[in-house]
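*Asks:* Each chain, written out:
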Amino acid sequence: MTVRPDMSAPTLAQLRLGAGRFGWAWHVLPWGVALATYFVAGAYLTLGTAALEMILFTLSIDLALGYAGIVTFGQAAFFGVGAYAAGLLSIHVTPDPILGLLFGTAIAALLGLVTGVLILHTEGVTLMMLTLAIASMIGAFAAQAGDLTGGDNGLQGMQISPLFGVFPFDLWGQTGYLYALGVLFLWFVAAWRIVRSPFGRSLDGIRQSPRRMRAIGTPVWWRLIAVYTLAAAMAGTAGSLKAQTNQFVGLDSLDLLVSGTALVMLILGGTRRLYGAFVGAAFYVVVQDLAAEFDPFRWMFLIGGLLVVMVLFLEGGLMGVADWLHHAAARLWLGTARK
Amino acid sequence: MAYLTVLLDGTAYGMILFIISVGLTVTMGLMRVVNLAHGAFAMIGGYLAATMMRAGMPFAAAAVSAALAVGVMGALAELTLYRPLYRRGELAQALMTFGLTFVTIAALTSIFGSNVKPLPTPQLLSGLTNLGFTAYPTYRLFLIGIGGIMALLLWRLIDGTLYGARLRAAVDNPRMARAVGMDVNLLFTGTFAAGCALAGLGGVLGADMLPIEPYYALRYLVIFLVVVAVGGIGNFKGSFLAALAIGIVSTVGTFLLPGASAYIVYVLVLVLLLWRPHGLLPARSAP
Chain A
32 MTVRPDMSAP TLAQLRLGAG RFGWAWHVLP WGVALATYFV AGAYLTLGTA ALEMILFTLS
92 IDLALGYAGI VTFGQAAFFG VGAYAAGLLS IHVTPDPILG LLFGTAIAAL LGLVTGVLIL
152 HTEGVTLMML TLAIASMIGA FAAQAGDLTG GDNGLQGMQI SPLFGVFPFD LWGQTGYLYA
212 LGVLFLWFVA AWRIVRSPFG RSLDGIRQSP RRMRAIGTPV WWRLIAVYTL AAAMAGTAGS
272 LKAQTNQFVG LDSLDLLVSG TALVMLILGG TRRLYGAFVG AAFYVVVQDL AAEFDPFRWM
332 FLIGGLLVVM VLFLEGGLMG VADWLHHAAA RLWLGTARK
Chain B
100 MAYLTVLLDG TAYGMILFII SVGLTVTMGL MRVVNLAHGA FAMIGGYLAA TMMRAGMPFA
160 AAAVSAALAV GVMGALAELT LYRPLYRRGE LAQALMTFGL TFVTIAALTS IFGSNVKPLP
220 TPQLLSGLTN LGFTAYPTYR LFLIGIGGIM ALLLWRLIDG TLYGARLRAA VDNPRMARAV
280 GMDVNLLFTG TFAAGCALAG LGGVLGADML PIEPYYALRY LVIFLVVVAV GGIGNFKGSF
340 LAALAIGIVS TVGTFLLPGA SAYIVYVLVL VLLLWRPHGL LPARSAP
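Chains A and B are the protein sequences, given in the same order.
If you read the first sequence in this note's numbering, its first letter stands for residue 32, the second for the next number, and so on.
If you read the second sequence in this note's numbering, its first letter stands for residue 100, the second for the next number, and so on.
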């Protein structure tokens, strides 16, 4: 007698969001919402653009921290440097947005490469401290180099020419929104491919046990430098986008609070999901806007409390909760269908 | 002579950094918790003392009772919030304590507002003392003195008592310490509370140099962590040396190179940690 596998019963893996026959629907949903936002947001479109930029930035942290396990608190350095690079290029060289974006990305990636080579042989708390020290150093440097960055006044006088020479960056931010969405989509697809490639799998292994990965012959240090540089490039793109859509760069883009906020978004959404960054950042930006209208400090209280509760009780973040609900619903539905 | 004044300023600053950070180095070394809420405890101490002094309490009494109150809060936080974190990764610890810092900032802002809370120095210690070559603020001399006394007391406590021996044993090898029958949980709670109390005291005493305001907890957190990392996590003597070195270097650096004052400390930290990733005096031999 042969044992036939029960084809009707879904495996646990299939019950995960985004798996199974209708899995593609889960991919359409977030992008559909993002696209629909363009048509319904109205005056809130600039807020939507800010959310897209934060999603990209949070995604870069997910790559370095979520997948590769590099505990970084200094990702804001790349965000800010990308923003300043894009801003300075537009002032001194060319107003073209695409070139500015590429330049900001490249400079941030270069910084990621250099600092990565310096610090990635350390681990744990020392590594955390080094990322903090580098970010603080760059922030302090930008504050003092007033001739270059405008210091406390920020970088003013940015001129951005129309996208592809056709679509001007208007006051209502319509071009800005679609531009940011397009860039985010490209990076998202890249990240999706990267984490599913052998390279991405090796990052998974490195996070879990660098020693074993070294033992089976993985060049751990180089892999870490590669992913750190990649995450830096992504953060630089996010910063460049922010600079271009606001036509302004302030010192706050280098602030440690930017790193902290993005970490909160990531944890809120759920790490190592890619869409976790998506959900967490969007949720954060929207709720912050609603809450900050009556009292910014009540918001801080809320987000701090949420962070404590999330870490202590809900490790998977919002995506984890969604997973659980989906799982429960699927069980219920299958249970009734079989009868 | 100006150099000597700057050196004294740096030493006083270093002593404050030491009093605040010593609790952090012990908790991070002993419990292996990345505690980003340490600055919040120092800040709470400052606010409590300011409130008590406004109610008419003398400086010394307010400082001591604020420190004790922060110690009690620390013990409660350890029992309820920190204990579940011991078995979790650095990231979870960092995030939870970061959230705790946010909550504290928001709560204190809604109670006290966002302005700097003045903490007047006592009559006896205000004014200048003639040191022969210059007249120097008495309060800063007091800080140097009290920092030195605290360091001596802590050194005797950690190197010369049974409690200190237990503490060092638990830092070196917590599992072995448990196995030989030590009540490590009690040791953790007690030490965490003591570290928080010291942070609270440092917050009160240092209000002159690190003004008490709601963002205190984030603004100076990096510098406290830097002291811990440079000194070697869990190493008490290391953190004393590191605090003094950082206090002096940053003060002298500001005096000599005003253009680079804001990042000179970070450059040094970077170089030092790249050269010795486990700090000046690592607490444990290689893990």
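Honestly, the hints are just simulated from the structure, not real lab data.
Think of the CB as a built atom: it goes at the ideal place given N, C-alpha and C, for glycine as much as any other residue.
Heads up, some of the hints might be wrong.
Stretch-level coverage of chain B by chain A, calculated; a stretch enters the list once three of its residues show a Cβ under 8 Å from a Cβ in chain A [what the hints assert, rightly or not]:
id: 1; segment: 280–292
id: 2; segment: 313–327
id: 3; segment: 364–372
*Asks:* Look at each hint and say if it fits the structure.
*Replies:* Right, here's what the structure says about each hint:
1. Residues of the segment 280–292 of chain B lying with their CB closer than 8 Å to a CB of chain A number 0, which falls below the three-residue condition for coverage.
2. Coverage of a stretch by a chain is defined here by at least three residues with a beta carbon nearer than 8 Å to that chain's beta carbons; for the segment 313–327 of chain B and chain A the count is 4, and the condition holds.
3. With a cut-off of 8 Å between beta carbons, the segment 364–372 of chain B has 5 residues touching chain A; three or more are needed, and the interface restraint holds.
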